[in-house]
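Listed here are the chains, written in short residue letters.
Number of protein chains: 2
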Amino acid sequence: MSITMYSASVPVFVRMLGNLSKWLDKAESHAAAKKFDPSVFMASRLAPDMLPFPNQIQIACDSIKFGVARLSGVEAPKFEDNETTLAQLKERIAKTLAYVQSVSADQIDGTEDKDISIPRRSGVLVMKGEPYLRHYVMPTFYFHVTTAYALMRHNGVDLGKSDYLGLQ
Amino acid sequence: MSITMYSASVPVFVRMLGNLSKWLDKAESHAAAKKFDPSVFMASRLAPDMLPFPNQIQIACDSIKFGVARLSGVEAPKFEDNETTLAQLKERIAKTLAYVQSVSADQIDGTEDKDISIPRRSGVLVMKGEPYLRHYVMPTFYFHVTTAYALMRHNGVDLGKSDYLGLQ
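Here the protein sequences line up with chains A and B, keeping their order. Taking this note's numbering, the leading residue of the first sequence gets 366, the next gets one more, and so forth. Taking this note's numbering, the leading residue of the second sequence gets 366, the next gets one more, and so forth.
Some hints here could point you the wrong way.
Note that identical chains are pooled: a pair holds if it fits in a single copy or bridges any two copies.
Simulated crosslink set (DMTMM-like; lysine to aspartate or glutamate; CA at most 20 angstroms straight-line) [what the hints assert, rightly or not]: (1) 526 - 478; (2) 443 - 402; (3) 391 - 474; (4) 460 - 445; (5) 493 - 471.
Derived by calculation from the structure, the hints in this document are not laboratory data.
Isolated chain A, as found in the complex:
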């Protein structure tokens, strides 16, 4: 089987969002074992001018929601960014997964040269589909997933490389 725009994207999103959801379970257990309020995670940041934990997960979800929507042309659901608990963040992940999995390979394959417009504060950035996937969607997604992971590790959650990769 040859690599395609779909095979290079959606399976990665599904795998990593599944992993992220399991890390949140471990964060919940960690808070219970150490007897602290899990809302402590919500205010956690790696630097005073970096976004806190829930935003990292919201943006990780949105980066691929918009990625899939722009490539496939399938309208994405709107989410409110109002999560305040680990359970709500897990729901956000589940809703994102449901949308991403609702799009078929046919709807994403062949979009290598599609013109994609990305609204940014500095103006609209226009990229072709493949560079958009590899130089914008993927690094943004991994940035926020890894930062969420780092925040959990920084706060003592027992996670390791197998959890990160989702390997046995």
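Given chain A, work out where chain B should sit, using these hints.
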């Protein structure tokens, strides 16, 4: 142009290693401006049981060096993991870039179904080329690049999303 194993991998490595090298320049300037010894970065960790800064960059480099070597069959150079300064880390990045760029598209394309053996502490993991690239090389690479970025941000280096993505 259709996406290929090469187009989905090497351009990403080249872009992100170039970005990483520029972040190290900013780390150097930050230390000079704040009058602290840049070797402070070397001991920085996000959690007591996470690897420190130089290891994050060494492993980022090795993850793609081994990725390219295993997919292409082109022998990779050996590096000693003995970097103790930002300048040496930049050299490590440059040497990794030189190797990655020495491999041609022809040598990586068509490796979707190639059997790849990954030696791990728990035994040898065998994966096909495409899942190896998308579920092992890419997440490992992004993990260590993002963790290096996070450590610089945590230590006050002035970096933002454009630096991370390498966009203007």
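The hints, checked one at a time:
no., hint, result
1, 526 - 478, "neither (35 angstroms within a copy, 25 angstroms between copies)"
2, 443 - 402, "neither (29 angstroms within a copy, 47 angstroms between copies)"
3, 391 - 474, "neither (35 angstroms within a copy, 39 angstroms between copies)"
4, 460 - 445, "within (12 angstroms within a copy, 45 angstroms between copies)"
5, 493 - 471, "within (18 angstroms within a copy, 23 angstroms between copies)"
Consistency note: the structure conflicts with the earlier hints numbered 1, 2 and 3.
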